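Engineer: Read off the chains here:
Number of protein chains: 2
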Amino acid sequence: MRARDLTAPFPTVTLDTSVHEAARLLSEQRLPGLIVLDGRGRPLSILPGTQVLRLAVPAYCMEDPMLTRVVDEAHADRFLRSLADRTVRDALPEQPRELPITDPDATMLEVAALMARTHSPVVAVVEDRQLLGAVTLQALMDWAITT
Amino acid sequence: MRARDLTAPFPTVTLDTSVHEAARLLSEQRLPGLIVLDGRGRPLSILPGTQVLRLAVPAYCMEDPMLTRVVDEAHADRFLRSLADRTVRDALPEQPRELPITDPDATMLEVAALMARTHSPVVAVVEDRQLLGAVTLQALMDWAITT
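If you read the sequences in order, they're chains A and B. Be aware that the first sequence starts at 1, since it is given in our numbering, and climbs by one per residue. Be aware that the second sequence starts at 1001, since it is given in our numbering, and climbs by one per residue.
By construction, these hints were calculated from the structure, which means they are not laboratory data. A portion of the hints provided could be inaccurate.
Claimed, not checked - Coverage of chain B stretches by chain A, computed from C-beta distances (three or more under 8 Å per stretch; other residues unrestricted):
id	stretch
1	1003-1017
2	1025-1036
3	1042-1050
4	1061-1069
As the structure is a computational prediction, the values presented were derived from the model and not from experiment. Just so it is clear, CB atoms sit at the ideal spot from N, CA and C, and this is done for glycine as well.
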């Protein structure tokens, strides 16, 4: 089994997609993450759903749970609604790191190791720098338990 | 909005559940992760789906993508099927780290920060050391975009 055999179409966003629209996609299509394309249709980044949340959370709350605790309920709700004001560009991590991107010939072991290393339930499959689709953790698990 | 308002029942496993059974739960119920209970019904750990995969991936493949590349397709498939031989006990990370566990009074900001910090799309909600259920990334996103 190779990545190409489990690759399926996957919705994409661009840097200019609003985070609200991205959150709507995640919610309505029950996606585990998002694939971000550059202007030429090439994958620029993969954002696991949990990392989209970083945008709504002030830095001091990311680092200090005790400080988060003192934010009252109304303000906490407001932070999460502030997602609407940002774009996907703001959600990308600053530090370059390994991206969950592979080629169609990757084995399932390579895909699994990549998902585990990057904590990403979505791996983008790319050929000739163009996105073919994605392998999801769900697709990989479905395959692993039925073989 | 508080954690209790978005808490829903969530399937659990124990240390002795086979990884195959855990993978079947993840697959069939489309869960983003697993809550592991100890013998007294208390949450011991939360395993995001991507981390269940670690069990099927030899350590040298986790660290070195080039080594993973040289494993042929038949052996790669076999590694993933070897999930069946292990239990959840084997899947728990050795290093203690922050767990995505909170109390019912946590605000949505606390839940979001916890998901983002721990890369976990599942947060267990615990009261008096007993599991009430879980808040999922899906539930949080659904709430965030409709308010």
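Engineer: Against this structure, judge whether each hint is valid.
Structural biologist: Hint check results:
1. 1003-1017: violated (count 0)
2. 1025-1036: Coverage by chain A holds for the stretch 1025-1036 of chain B (4 residues, Cβ < 8 Å).
3. 1042-1050: Coverage by chain A holds here, the residue count being 3 at a Cβ distance below 8 Å.
4. 1061-1069: holds (count 5)
Checked against the numbered hints above, the structure violates only hint 1.
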